[in-house]
Each structure stands twice: as structure tokens, then as C-alpha cells.
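K.L.:
Residue strings, one per chain:
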Amino acid sequence: SQTIHQWPATLVQPVGSPLSLECTVEGTSNPNLYWYRQAAGRGLQLLFYSVGIGQISSEVPQNLSASRPQDRQFILSSKKLLLSDSGFYLCAWSSSKEQYFGPGTRLTVT
Amino acid sequence: TQLLEQSPQFLSIQEGENLTVYCNSSSVFSSLQWYRQEPGEGPVLLVTVVTGGEVKKLKRLTFQFGDARKDSSLHITAAQPGDTGLYLCAGERHVDSSYKLIFGSGTRLLVRP
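Chains as they are written, first to last, in the working numbering: chain L, 41 to 150; chain D, 2 to 114.
Just so you know, these hints were derived from the structure itself, not from any lab.
By construction, the Cβ of each residue, glycine as well, lies at the ideal position given by its N, Cα and C atoms.
Check the hints yourself; a few may be wrong.
To be verified - Computed footprint of chain L on chain D; a stretch qualifies when at least three of its residues, placed anywhere within it, have a C-beta under 8 Å from a C-beta of chain L:
1. 41-47
2. 81-94
As the list claims (entries may be wrong) - Below, a list of computed lysine-lysine pairs in the BS3-like style, where the Cα atoms sit at most 30 Å apart:
3. K137/L x K60/D
4. K101/D x K57/D
5. K58/D x K101/D
6. K58/D x K71/D
7. K137/L x K101/D
8. K137/L x K57/D
9. K101/D x K120/L
10. K71/D x K119/L
11. K119/L x K101/D
12. K60/D x K101/D
13. K71/D x K101/D
14. K71/D x K137/L
15. K71/D x K60/D
16. K71/D x K57/D
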């Protein structure tokens, strides 16, 4: 069966510091991968998606970037965090219509 | 920009009551999915509806896709405290070789015992 992992689970970082969030998927090959951000108790905003290694599509202009160095690894990064980058970050994978989400990373920028 | 609007945004009901959550858009979607999310966790897929007018039942939950595939509803019968959570609808779009989901803003449900 397929599983998706995210780490860290929680992160507190100062403004201006770098960021690296990692997402890995097991049990499937060549999945589509997605990064979302969720404001407290609200819907999900799509940040990036990838259909293959090295292929990244960005949805909104922002302070973040994404990379896919391996088939089942998706990384979300920032060189300098802003206060507005705080939020709940979710990674998801899909092979068809449905998307399956990881447990999320709670990021607090102070 | 496609927009999915969910209503109500927040619902607090007594155990045993029935409720309906709505998801509306001016755009047509290939399919529509409903997710349930608990605090601090990722959303969990409940159902996918594909055909206009389709109705799917999952125990006490009934999902319907509008005839024009622009809207959907989730009806819960005899709500229980375990139904508490954030309910999200998401419409599917095809972009290149990928599927993108447009999420609604969510309905937060609280079922009081």
C-alpha cells in the first residue's frame, strides 16, 4: 500500500532563516506530487505541483520554491522566510483523480 | 479564477440532528471530491463523484453531484460527535498531464454530544 511521509511535523523558524520541508512517497511509481498551504481552519492553496523528476509548476508568486530530485521525493524550500510564510504545509500524491495527503508540517515563523 | 464556495462556513449542531453542506461554483468540473480533516492532520478522501446527478452514500453520509457538475452537497443523517471536523470539497481540473484540485474554503462542523 502507498504511504506518504512529511517532516518535520512542526517547525519554528525566525524571519530571514532558510527552510526545507521534505515529502516522500512509498508504494507507487511516478506519482504526481503537490505542495499546499492551509491557513487556520480554511481551504488549501496549491503552491506547486510536479508530474515528474525535475518538473515543477508554480501556482502563485511567492517566497517559496520546490524541487523533485527523485521520483518519490518532493522538497519545499525558501532562502529567507517571511512572517507570512507561517501555516500548515501539506504534501499530496496522486496517480489518477484522487489525491492523498501527508500528515502536514506546522510552520511558525517568528 | 475558478472558485468553489462552501456553505455554511461553520455549523454547530446537537448529536442526532441532520445537516447539509453545500459546495457551489460557476465552473464545470470533471469530478468533485469531498475530504474530511481533523486538526493537525492531512485531509482524508471521503468520496469522488464524477457523473452529473450522481449520488453516493457512505454510511450516514450522502453525496450528490449537481446535474451540471458545478455544485455538490453533503448530507449527514443523525450526526455523531465523531463527525466533527473540517469538510472540504475540491473540484478537479486537468492541466497538462496532471490533475489539479481547486479547494473550497471548508465547512467546520461541531457535533455536540
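K.L.:
It remains to establish, for every hint, whether it holds in the given structure.
P.N.:
Hint check results:
1. 41-47: holds (count 6)
2. 81-94: Holds, because 4 residues of the region 81-94 of chain D bring their Cβ atoms closer than 8 Å to Cβ atoms of chain L.
3. K137/L x K60/D: Given pair K137/L, K60/D holds - Cα atoms ~22 Å apart, limit 30 Å.
4. K101/D x K57/D: It holds: about 22 Å lies between the C-alpha atoms, which stays within 30 Å.
5. K58/D x K101/D: holds (25 Å)
6. K58/D x K71/D: Roughly 19 Å between the alpha carbons, so the hint for K58/D and K71/D holds.
7. K137/L x K101/D: Between K137/L and K101/D the Cα gap is close to 9 Å, so the pair holds against 30 Å.
8. K137/L x K57/D: holds (17 Å)
9. K101/D x K120/L: Distance ~28 Å between K101/D and K120/L Cα, so the pair holds.
10. K71/D x K119/L: Violated, at roughly 40 Å.
11. K119/L x K101/D: OK: K119/L and K101/D at ~27 Å, within 30 Å.
12. K60/D x K101/D: holds (28 Å)
13. K71/D x K101/D: holds (16 Å)
14. K71/D x K137/L: holds (17 Å)
15. K71/D x K60/D: holds (24 Å)
16. K71/D x K57/D: Holds. K71/D to K57/D sits at ~16 Å (cutoff 30 Å).
The structure fails hint 10 only (numbered hints given earlier).
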